[in-house]
Every structure is written in structure tokens, then in C-alpha cells.
Amino acid sequence: KNQVEQSPQSLIILEGKNCTLQCNYTVSPFSNLRWYKQDTGRGPVSLTIMTFSENTKSNGRYTATLDADTKQSSLHITASQLSDSASYICVVRGGATNKLIFGTGTLLAVQP
Amino acid sequence: DGGITQSPKYLFRKEGQNVTLSCEQNLNHDAMYWYRQDPGQGLRLIYYSQIVNDFQKGDIAEGYSVSREKKESFPLTVTSAQKNPTAFYLCASSIFPGEGNQPQHFGDGTRLSIL
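Taken in sequence, the protein lines are chains A and B. For reference, each letter of the first sequence is one residue, going 17 to 128 in this note's numbering. For reference, each letter of the second sequence is one residue, going 62 to 176 in this note's numbering.
Same shape as in the complex, but just chain B (with noise of 0.2 Å):
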């Protein structure tokens, strides 16, 4: 079955670490986002890739830092500088940029909680 697939489901980060959030997905699709999830507030742009190699910053991502190596894997690490990390971290894929009619198509999410 094609999908994406994050781990770990849950995540739990130490004062001043850094945790990196996997994404991977079958697709074959080009485009790849990252989103934060907080309660009562709609879903927030963190990162977003076009292609292998090149992503670019969302409405969020201080404190953020991706890698686009390669097609089918996104991952996302959560810095130390990102000081309210607690949040549901959903990853997305797209068949082509801006996918134009086309569905975003998300993981069943990640949530990363401070300890």
C-alpha cells in the first residue's frame, strides 16, 4: 500500500537536544510539507520541499532545520532553540508543487512533548 509513514509516534526531548522526526513516503510524489498541530489553532506551514535537494521555510520554522536528500524521505529535526516544541507533527506529500486540484496526502503524525 502506498503511504507515508512518520516515527516515532511519540517523542519525548530533553532540555537543550535536539530530536529528529522521521517522514518517508511511497508515492512517488515531488512535494513534501511539514506541519504543527496545537490545539484549538489550524494546522501551521513549518518547511516545504519542491525537489530532491531544495525546501524552503513555511509561516513557522525557527527553531526548525529539514534535509531533502532524498525523493521519498523528508525528516525533521526540532532543535534546542524551539522552545515550545509540545505539538502533533504531521508530514505531507503532494504529487507535484502546488499540486494544483490535487489532495495533500499526511502521515498519521508524530507528538513530540518536552520532558
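Pulled out of the complex, with its shape left as it was, chain A reads as follows (with noise of 0.2 Å):
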């Protein structure tokens, strides 16, 4: 069966601080993963796109991470800010029907 699945499933972190959150797919065939970042009551807002031949993207303060052959991925937040707070979704393009398959989404909290 074709998933998403991400962890934690939500995580606090000190203002400044980094943080890692993890995405594990088990989508075959393979397009592209994606990574959003969803502010509360708004929609998904893309940060980064990455094939099969890409295993780095960064986007500012974010970079993302993509090991194909294990179907991971992660997300790495530099100096977190106030204005991170917000649910980190991973999608990931690909399956018989080439379609996106949504992750449940990390929910980061950045506290002063």
C-alpha cells in the first residue's frame, strides 16, 4: 500500500534552536517529494520539490533531505523562529497512478 508517514507527530522546540522532522514513504513507482508548510487556518505553502536524482534542497532556513533508496526524507529547520510554528506536510508524488500521497503532517510549536 502506498504511504506517507511522518514523525514526530508533533514537537516543541526553543526559539533559535534547530530541528529535524522525518519523512518515510513506501510509494512505488517514485515521481518527486515534497515538503509544505501549513500556518494554522491557511492552505499548504510548497518549501522545496525533489526528484530521484536530487538528495539536497534548500530553501532559506530550510533543507531538505531525500535518500530514494532507503525512501526517506527529512526536513532540517536552521535557527528556528516564532514564524515557524506551523504543520510540516511531506507529499509524495508517485504510484500506479502517479498521484499525491499526503502525509499527516508534524505539528511544530517554536516557544520564546
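Among the clues, some could well be false.
[Stated by the list, open to error] In silico DSS-like cross-links for lysine-lysine, where the CA-CA straight-line distance does not exceed 30 Å: (1) B/K70 / A/K115; (2) B/K144 / B/K75; (3) B/K70 / A/K17.
To be clear, the hints were calculated from the coordinates, so they are not data collected in a lab.
Assembling the complex is the task here: the two chains are given apart, and the hints tell you how they should meet.
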């Protein structure tokens, strides 16, 4: 079954600290993997999209990694800010119908 | 500014009532999508449209209907047949069907509740 699993479910960190969110997937065949940031009550906003051949991609303080062999991705946030408080959603495009499969998200709270 | 506008932000439905959620985009995107978001679950696809006057069912289309009469508009009707409509509804668009490695752009959602 094509699935995307994220961990942890929720995370609390202090402002200025770094953190890493995990995404494991069982989707096959694989097309690409996306990370989205969703603020409370808002729509998701794209952070990165990575294909099979890319293993690192950055967007400001956000760095995503992809290991297509182990089917794992991570999103690293550097020097966290209060505005980083949001849900981070991992999405994989793939499977027999090449559709988007959404993870349930990691809820990050950055405290002062 | 280009983007996707969803309205209303909050909507309440009475028993037996149909309600329509609006989605407008000025990104000149060909493809548009409707998703439902429930607590603790990933987004689920309701309907999608790759071109004007054409649309396909997603994974959870029962109790919903859509139309695509204009490129920029893709309204979703939640019918009385949808017995559990309380959710956060998200509209999205992408530059072309299948979008390759391009992102989907999302609106800011409509929260629907039952009265």
C-alpha cells in the first residue's frame, strides 16, 4: 500500500534552536517528494520539491534531504523563529496512477 | 498578486441543505483540485479538473459535485448526500495537469460546519 508516514506527530522547540522532521514513504514507483508548510487556518505553501536524482534542496533556513534507496526524507529547520510554528506536510507523487499521497503532518511549535 | 481565492472562510450547513464553496484563481493554471482536510488525516482528493468543461472524481467524491465552466473558477457543492461534511476544504491549482515537478498552489480554505 502506498503510504507516507511522518514523525514526530508534534514537536516543541525553543526559538533559535534547530530541528529535523522525518518522512518515510512506501510509494512505488516514485516521481517526486514535496514538503509543504501549513500555518493554522491557512492553505499549505510549497517549501521544496525533490526528484529521484536530488538528495538535498534548500529554501532559506529549510533544507530537505532525500534518500531514495531507503525511501526516507527529512526537513531540517535552522535557527528556528516563532513564525516557523506550523504543520509541515510531506507529500509523495507516485504509485501506479502517479497521484499525490499526503502525510498527516508534523505540528511544530516554536516557543520564545 | 496572483493567487487562489476561496470563499467564504467559514460556512455553516443546515440538515438537508446543499452549499457551494467558491474557488477562483488568477494564475492562469489549467488544472484545479479540491481537497478535504480532517484532523489527524492527510489531505484527500475530492475532485480535479485538468481543463475547462472536464473534471474527474478523486478518492472521496461521493456527496460532492463540481463544475468547470471557466478556466479560473472551480466551485464545489457539498450536497445533502454528504453525511459528514464538517471539515476544512482546500482548493488548489497547478500550471498543467500532472504538473511534473511544479508545486500545487493552495487557497486559504473554507471551514464547513453543520448547524
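Inset, instruction - Sort out which numbered hints this structure fails and list those numbers smallest first. - result: 3
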